[in-house]
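**Q** Here are the chains, one letter per residue:
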Amino acid sequence: MTMVRCEGVKKYFKSKAGTVKALDGVSLEIRKGSFFGLVGESGCGKTTLGKIILGIIEPDSGQVVVETKKVQVVFQDPYNSLDPKMKIFDILAEGLIIKGETLHAIKNKLMIVSSLINLPIGALKKYPHQFSGGERQRIAIGRAIITRPELLVCDEPVSSLDVTIQLQILRLLKDIHKKTGITCLFISHDLKVIKFICDHVAVMSRGKIVERGSVHDIYASATHPYTKALLKAAAYDNIKNDGI
Amino acid sequence: MNVLEVKNLKVYFNAPGQIVKAVDDVSFNIEKGKVFGIVGESGSGKTLTALSILKLISPPGNIAGGSVIFNPSAGSGSNGRDLLKLNEESLRGVRGSKISIVFQEPASSFNPVFTIGEQIVETIISHQGVDGGKAKDIALEYLNRVHIHEAKRIFYDYPHQLSGGTKQRAMIAMALVNSPELIILDEPTTALDVTIQAQILDLLKEIIEKERLSILFISHDFGIVSRMCDSIAVMHKGRIVEAGITKDILSRPNEPYTISLLESVKALL
Amino acid sequence: MKELIRNKMALLALIFILAMLILAMLAPLLTRYDPTSTDPGSVLTAPSKEHIFGTDRLGRDIFSRIAYGARISLAIGFIAVGIASIIGLLIGAIAGYYGGPIDYALMRFVDIMLCFPTIFLILAVISILEPSITNIMVIIGATGWMGIARLVRAQILTLKERDFIAAAKVMGAKDSRIILKHLIPNAIAPILVSATLGIGGAILTESALSFLGIGVQPPTPSWGNILMDGRSTLGVAWWLTVFPGLFILFTVLSYNILGEALRDTSEPRLKE
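Protein chains in written order, with the working numbering: chain U, 7 to 250; chain H, 2 to 270; chain E, 483 to 754.
Bound-form chain U, shown alone (with noise of 0.2 Å):
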């Protein structure tokens, strides 16, 4: 039932400057199916979690338990993490062919998602350049879903996008998450996103978790200062009600 667990994990970088403690004791669990959020501002560590639990980070020490092979990932910035030399077929299709899966068989799993992300006809011959930055990161979220992976970790997959665009997006995942049941781990510094799209979430600060729990709870009664904070500044970015 749990899809990640976490237990003390701790990661520093050395600098000139001294040493930073990235992640300093961070324990946390992942249940399967949830849409788990990591919210915090930049430098909480966030991001460096989410590399660790990809694997492309080792931690310092502590524990890291995902139990499947089967992880992909969406990044934020959708003008770099598309190769700008390869066809949007083959960055879609890449996945499959290391799995070794024949000719026949991408194709087929490439019309399916194709469609799913609302892919206009002829975008397979196309390059990445071609595209603005929503759909390259309909395509991003294609290709990481195309291997049918049981966990996708997506860090600030909106950040960078206009807010029409990020509500599609988001609802993309949404979609993909109630038809195949995947666990997300969704990274944002947004609140306002992490309440549209998950169902579960974690604060951090400086390194720590200072709270989690339901992202109902988190809302109606979070009880850590950092979080009343960060509930406090995001309303700054709702409209004023007077009138609507």
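In case anyone wonders, no lab produced these hints; they're calculated from the structure.
Just to be clear, a hint being listed does not mean it is correct.
As the list claims (entries may be wrong) - With a straight-line Cα cutoff of 25 Å, these simulated DSS-like cross-link-like pairs (lysine-lysine) come out:
no.: 1; chain 1: U; residue 1: Lys-27; chain 2: U; residue 2: Lys-16
no.: 2; chain 1: E; residue 1: Lys-531; chain 2: U; residue 2: Lys-105
no.: 3; chain 1: U; residue 1: Lys-93; chain 2: E; residue 2: Lys-663
no.: 4; chain 1: H; residue 1: Lys-206; chain 2: H; residue 2: Lys-238
no.: 5; chain 1: U; residue 1: Lys-115; chain 2: E; residue 2: Lys-642
no.: 6; chain 1: E; residue 1: Lys-642; chain 2: U; residue 2: Lys-20
no.: 7; chain 1: U; residue 1: Lys-76; chain 2: E; residue 2: Lys-531
Bear in mind that the values here come from a model prediction, so they are computed numbers and not experimental data.
Given the structure of chain U, go ahead and fit chains H and E onto it with the hints provided.
**A** Using the frame of chain U, we list chains H and E on its own:
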């Protein structure tokens, strides 16, 4: 009374084989003492509009038409004149003193090789003609006014030693020191963490109330704009799609683009 | 304005290069004489209707020697640069991708190679081995890869931090796949510039070697050894020196101009 009247502003970009109309016939007025917001998504032309007010557009872009009249009712100096027709020397007298601008990226707005104090003092001296000692006093006064803790120490710090929020406060102080009549804020909080954003917005509200300045506030964030501005204009693909008093636009949007924009924002509340 | 002028030059350079390629490839069709056949009756004749570039001291037609020589000189240029590019690409990619001690060792190797004055290294090797065309190609290539290696390494260092590389790793791509399919295609652009400029250099080096007598051996013509022939008769037969000299000059110049033009186009445009 208006502090700024923008009429038929056009900013075009020359790309091989075509002309991109980044700002396409934009007109609006900013009332004295009020906060005017321009809201739009990326590529809408809002930042270019702000930059063209002070003729800060560089090639391959160029201001292809329109006028920007500063203080239309007054008559002396740069008042009542079309800023777009001023020469560089007169413009320099306007930039940083009569009209100042706060950019999105505090990191790139400060020169990394000079201290914060040196840069603020420089703009005071060049516009107010006072001596170094008096300039330093004025600088410190404003650094305090933007609630920078230990202003005396920050005065001697270099930009890279400051946090994003402190840098942005320093930028705002620098924009205020010469008592401008109009301040342009281009996405002043977008690059900051959410908790710092809230602090800076509080600071801006306080300054707006105290100093009775006229403000042009540019943002992609409808929520922030509606909180800070008296009237707003919605920009899309280089044009103003809808404009009016904030309350009215929020409660009764007319144009389809505005409606869809508001819907997306509300969906994420 | 500057762009237009530069582009016209680049166009001229391209046309000249293509003309040279055609000359080299179609040499048998374009020349009337065999480049190695001697004609004791027409020794050291000035350019005329029969021999448009004149003849040398063995009566061989200079124009056909230059045409056939183009084959040799250009081929050596291309293949030497090809060898250098492959070596540089591999070393740079491996150093850049793996970093750490591998990178350190490889880059020190590059530094050592760069310490040698290339010409003397080539001279030393050629004098030990025989100066065959293959040896010349290999040795020029084996001493000219260092710049490319550094360029490639620099490109790879920035590229490997980009998200699409991380995404490939998460997808399970092996190192070889990442280097060959993702990193190298994205790092190629500066190599094209370097290689184009390198062709000019390789041609010049070969000409120098042949001029010194340790390059392409007669009777096989190469622009360099035609020059060598002309040394002793400079005062009497200017055509032996001027024509091959001009061809070397303009060919190398054209490759340089083309390379610079390529560099200008691949440089990022004004940032928005």
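**Q** The structure should be examined with respect to each hint, and the outcome stated for every one.
**A** Hints, verified against the model:
Simply put, Lys-27 (chain U) and Lys-16 (chain U) have alpha-carbon atoms about 8 Å apart, close enough for the 25 Å limit, and the pair holds. For the suggested pair Lys-531 (chain E) and Lys-105 (chain U), the alpha carbons sit about 69 Å apart, so the restraint of at most 25 Å is broken. In summary, the hint linking Lys-93 (chain U) to Lys-663 (chain E) is supported, as the alpha carbons are separated by about 12 Å, within the 25 Å threshold. With a C-alpha separation of about 29 Å, the suggested pairing of Lys-206 (chain H) with Lys-238 (chain H) is violated against the 25 Å cut-off.
For the hint linking Lys-115 (chain U) to Lys-642 (chain E), the alpha-carbon distance of about 29 Å lies beyond 25 Å, and the restraint is violated. Under the criterion of a C-alpha separation no larger than 25 Å, the hint pairing Lys-642 (chain E) with Lys-20 (chain U) is consistent with the structure, at around 20 Å. Taking the CA atoms of Lys-76 (chain U) and Lys-531 (chain E), the gap is near 78 Å; set against the 25 Å cutoff, the hint is violated.
The structure does not agree with the numbered hints 2, 4, 5, 7 stated previously, though it agrees with the rest.
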